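Protein chains in written order, with the working numbering: chain A, 6 to 104; chain B, 150 to 323.
Hints in this document: simulated from the structure, not taken from any laboratory. Treat the numbers as computed from the prediction; the structure is a model and nothing was measured. From the three backbone atoms N, C-alpha and C, an ideal C-beta is built for every residue, glycine too. Treat the hints with care, since some could be wrong.
[Said to hold, decoys possible] Derived, one-sided and incomplete: chain A residues facing chain B with beta-carbon distance under 10 Å:
(1) Arg69
(2) Arg75
(3) Val76
(4) Asn95
[As the list claims (entries may be wrong)] Taking beta-carbon pairs under 10 Å as the criterion, some of the chain B residues facing chain A (in silico):
(5) Val176
(6) Arg183
(7) Gln196
(8) Leu250
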Amino acid sequence: MPVVVDRPPVHIPELGSLYELSESCTAASSDGMELLRQYTRVRSQWMNRQGFESPAVQDDLGYRHVPFRRVGTLKVRFLPAQPMGARSVNLDEDDSDAE
Amino acid sequence: MSESWWITVSGSSLAQGDLLPDCLMPVFTDPTPRPDNAPVEIQVKTQRLIVVTQSCDLENNKIEFVALCPIHTLDEFAEPNVKFKNRKNYEGVRKGTHHALHMLASPEDPDNNDRALVVDFGQIVGLPLSYLAEHAGSLGERNRLRSPYLEHFSQAFARFFMRVGLPSSIPEFK
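Only chain A is shown next, with the shape it has when bound in the complex (with noise of 0.2 Å):
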């Protein structure tokens, strides 16, 4: 059965794009899962790189984030399931402003 991995598509120069992976993952099945996990650990090294700079805009807040707490595990299967769609809007109501 293909296994289809939804994820918004990252364009690494040196390895072509996620999203062209994730068809290919689509098409071969458990083969597929395996090259997706080499990618990703590949991916995963690619940006932790030495003497990575992230683009030229810098926004450093500063500070780091005050970890949350783990208070356990939950152990979940994935379910086949639709995308969420988009929400029912009024558009009578949305042009006033909030608050």
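Fit chain B to the known structure of chain A by using the hints.
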């Protein structure tokens, strides 16, 4: 004695500026489905949060998810930010010069700046309205930021969120 920045409310009705301790949130670190659809373990974390979604959107159930930001005591915030162990370094936060941080007076002791709280706009959490309403109802009496401190807080969040970074800037005047 300073007036309180907060009112006490109870029940499941939510509004902007509601302080909600002990919120639970699942954190997906590896959301990749396993080939055999075996169960995947995800972490559950907890945090004290404050609602940033506009009250009118909450009242009319216009949304399914609520935006919230973490809110810390000064000691909690100083734990990973050692320079804030010196209380004097909070003066910039109090004056509003750190765009990602916003200081609120303590609900219990507004005159004691040592017990003030710091909101971190740099981390925005989205949780289901239905979960938060039930959680809020289970808390009993809880704190809600009141006007005009609420609008001041809301404006600070908007100012943080709407900021624009430029790729280059005009050289500094010296």
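Results for each hint:
1. Arg69: This interface hint holds because 4 Å falls under the 10 Å limit.
2. Arg75: This hint holds: Arg75 (chain A) lies near chain B, its Cβ roughly 5 Å from the closest one there, short of 10 Å.
3. Val76: holds, 5 Å
4. Asn95: holds, 8 Å
5. Val176: Check passed: Cβ of Val176 (chain B) comes within 7 Å of chain A, closer than 10 Å.
6. Arg183: Constraint on Arg183 (chain B) satisfied, holds at 8 Å.
7. Gln196: Nearest chain A Cβ about 5 Å off; hint holds.
8. Leu250: Nearest chain A Cβ about 7 Å off; hint holds.
Of the numbered hints listed earlier, not one is contradicted by the structure.
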